[in-house]
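Asker: For our numbering, count along the sequence shown from 1 and bump the result up by 77.
In silico BS3-like pairs for lysine-lysine, Cα to Cα no more than 27 angstroms straight-line:
#	residue 1	residue 2
1	Lys146	Lys163
2	Lys159	Lys146
3	Lys95	Lys162
4	Lys167	Lys95
5	Lys162	Lys146
6	Lys146	Lys95
7	Lys95	Lys159
8	Lys167	Lys146
9	Lys95	Lys163
Please keep in mind that the hints were generated in silico from the structure rather than gathered at the bench.
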Amino acid sequence: MPFRLMLRRTRRYNVLSKNYFVTRIRLLDNNVIECTLSVESTGQECLEAVAQRLELRETHYFGLWFQGKAQPQSQRWVELEKPLKKQLDKFGNEPLLFFGVMFYVPNVSRLEQEVTR
Numbered sequence: 078m079p080f081r082l083m084l085r086r087t088r089r090y091n092v093l094s095k096n097y098f099v100t101r102i103r104l105l106d107n108n109v110i111e112c113t114l115s116v117e118s119t120g121q122e123c124l125e126a127v128a129q130r131l132e133l134r135e136t137h138y139f140g141l142w143f144q145g146k147a148q149p150q151s152q153r154w155v156e157l158e159k160p161l162k163k164q165l166d167k168f169g170n171e172p173l174l175f176f177g178v179m180f181y182v183p184n185v186s187r188l189e190q191e192v193t194r
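Turn these sequences into a full structure, and let the hints guide you.
Answerer: Laid out in structure tokens, this is it:
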């Protein structure tokens, strides 16, 4: 006699330790990826994790930003050298980051990777 398991589908991972948290990152094509990071992880570590998933080597043109608490439409760039969790707790509405282009390159031929273009 077959049986069926009823499992709830949620958008959160069950992170048992308080030393880790899950953040979602919306990419340029509107796809969303999730990253599990430690509480001490910096913005640079998160950016490198996203770049690794996208197979992107030229990360210095890109950054992460989030919507601020103060004003509904305000945007803040993640400070890459500071802990990400502290920035999101202090200034962000939710643990949702956006992957964005920080620096515009007028001459596209200077970019090495096709993915970066």
